[in-house]
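> In order, the protein sequence lines correspond to chains A and B. Following this note's numbering, the numbering of the first sequence begins with 1 at its first residue and continues without gaps. Following this note's numbering, the numbering of the second sequence begins with 1 at its first residue and continues without gaps.
Hints were generated in silico from the structure; no laboratory data involved. Each residue gets a CB set at the ideal place from its N, CA and C atoms; glycine is no exception. Do not rely on the hints blindly, as some may be mistaken.
For lysine-lysine, the following BS3-like pairs were computed, each having C-alpha atoms within a straight-line distance of at most 25 Å [said to hold, decoys possible]:
hint, chain 1, residue 1, chain 2, residue 2
1, A, 144, A, 185
2, B, 26, A, 105
3, B, 237, B, 26
4, B, 26, A, 144
5, A, 105, A, 49
6, A, 144, A, 105
7, B, 237, A, 144
Just a few of them, taken from the derived set where beta-carbon distance is under 10 Å, the chain B residues facing chain A [to be verified]:
hint, residue
8, 239
9, 257
10, 365
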Amino acid sequence: MSEAILTASGVSKHFGGLTAVDNVDFEVHPGEVVALLGDNGAGKSTLIKCISGVYRPESGTVIFDGADITHQPPADIRSRGIETIYQDLALAENLDVGANVFLGKEVTRRLFGLLPVTDDSYMRQEASGVLDELDIHIPSLTQKLVNLSGGQRQAVAIARAMYWNAQLVIMDEPTAALGVPEQRKVLALIRSLREGNIPVILISHTMHDVMAVADRMVIMRRGRVVADIPRAEATEEIIVRHIVGSAENGENAVMI
Amino acid sequence: MALSTASDKAKRQPIVDARFVEFLTKSWSYLFLLGLVVFFSVTGTGFFSVRNFSSILTTSTLIMLMSIGQTYVVITAGIDLSIGWTVGLSSVTTARVMRDLAAGGADVEYAMLAGVFAGLLVALIPGLVNGLLVARVKVPPFIATLGMFGIVRGAAFLLTDGQQVVRGLSAELREALRGIGNGSLLYHIPDHGLVWFRQPPDLEPTQIRQVSQLLPYPVLITALVVIVFAFILARTKFGRHTYVIGGSEEAARRSGINVDRHLIIIYVICGFTAGIAGVLHLFRFTAGAPQAGEAALLSSVAAVVIGGTNLFGGEGDIMGAVVGSLIIAVLQTGLVILNIDSIWQFIVVGVVIIIAVLVNQLQSALERLQSNV
């Protein structure tokens, strides 16, 4: 397998007396979809936030694309190409697709060579280009996002990450709020990211999604990585057993 | 198969044409304004005249100026309750500075300029404090600006020593103020035709009553402010960020927009347009009055809402506030001309506000309906 693009080694993070992430090693390779699994409180989100810079790990290092990003601020990490798409998507639903792809980075032109105005047609065109690349169809680009479906909004968030040259996309429960056809679309998007050689870290509770797109399953429990299973060897049963902890404790342990 | 297709079609057939509803919800306030003008023109003698229209426009400037800044604030899902007294504070400050400078022997022009400058500057202070409280201390806008409502009110009355007006403006100063506040760039006078800048001093009383102001200065000044702030909101990056914050403050923060700084600037803008309103009020009435904008505060919020700006943020524009202000001014004048007790104006405006909110909800319901198809 190719050199890892992201390597987290020995990462720990405590909150008071609670060890949320405990000496975790975690790798992502180019063009790979890694599912990060675990029960609530297993440490998935904390680990992700240590990578995206939201939290500062107390020990360990995070190397991305050859550079140590362990204690860099979130904005710097984003500008290096790690895009996190949270469940709430961080979109302005009162604005159109173009405005959202360029949120906070609006392109302006000079009106009469003097007054700087937002160049809406350019932004719409660029947005349309990246949507086409991802094979996303949105009926009208002048529509406000509030008029789009949940899957289309998710697609806009992904398109935005793509447009700004994401090198690694982290997605937190991307299908949680969607209907079945929409879920399929989002999974197809994840596949097309992989085809573009862009790795994805997928946090999900939905076993079906994970089995459908992930190349590798990393399972966390009580702050530690307890299993790292390639897709070929994974079955739902094995995964669930690792998640609830019965794989460590033996077949007969009953978890309540 | 054929049956199910037919029933599907029947289900999707909207009750009313969606485009028609969209047109109605977007432009009902314009149509309503037009309807009011037509109604009063037909029923009220003297309503349909250049003279009256110019007076309506002049009347509307106070509310309109306040509603410009208010629109920015409301788009960010805030509200500014303090601007009514900011108008007064600005009016009083301007009057005092002019009076004292003129009394100290300064030129009238210089005293006026310095007064205007002071009046605009002082209006930025409550705006700045509001902005700091809302953005940095996270005080809800309603509470922060309600507190400022009391503080600014007190400050304005302190500056008049508790009086209803600033006393002691010289006759010369008042004449100069009136020249702008009640003046016009262009007059139409029977037998004289069009006259620029100044009404001829040698008119008969009967002629004076027939003079029409075609371009009153307060209207021109307000129009300029409308254009500048409408442009900023609709076309610039600053305006776009205002909508982003109104849509999702979280999204704005994550996309790197400096939300705190932006909110502070917006409350300062709100104070600024109220300051212009205060200065203009002084020019029109030649009396610095603490309560100059008191009654106009809720009207300015009403104008914003009637104009289609969503109180929950993210939606609205300056033209809506302009139309809303005009609706209120037309109602005020029209009801007087019809000889209806002006108290009715409150009731009618109240009803119009409720209609505005209902229409807004209809629009949201329609949007939901469309997105579910």
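> None of the hints should be skipped; say for each whether it holds.
Here's how the hints hold up against the structure:
no.: 1; hint: 144/A <-> 185/A; verdict: 20 Å, holds
no.: 2; hint: 26/B <-> 105/A; verdict: 29 Å, violated
no.: 3; hint: 237/B <-> 26/B; verdict: 24 Å, holds
no.: 4; hint: 26/B <-> 144/A; verdict: 15 Å, holds
no.: 5; hint: 105/A <-> 49/A; verdict: 23 Å, holds
no.: 6; hint: 144/A <-> 105/A; verdict: 18 Å, holds
no.: 7; hint: 237/B <-> 144/A; verdict: 18 Å, holds
no.: 8; hint: 239; verdict: 8 Å, holds
no.: 9; hint: 257; verdict: 5 Å, holds
no.: 10; hint: 365; verdict: 12 Å, violated
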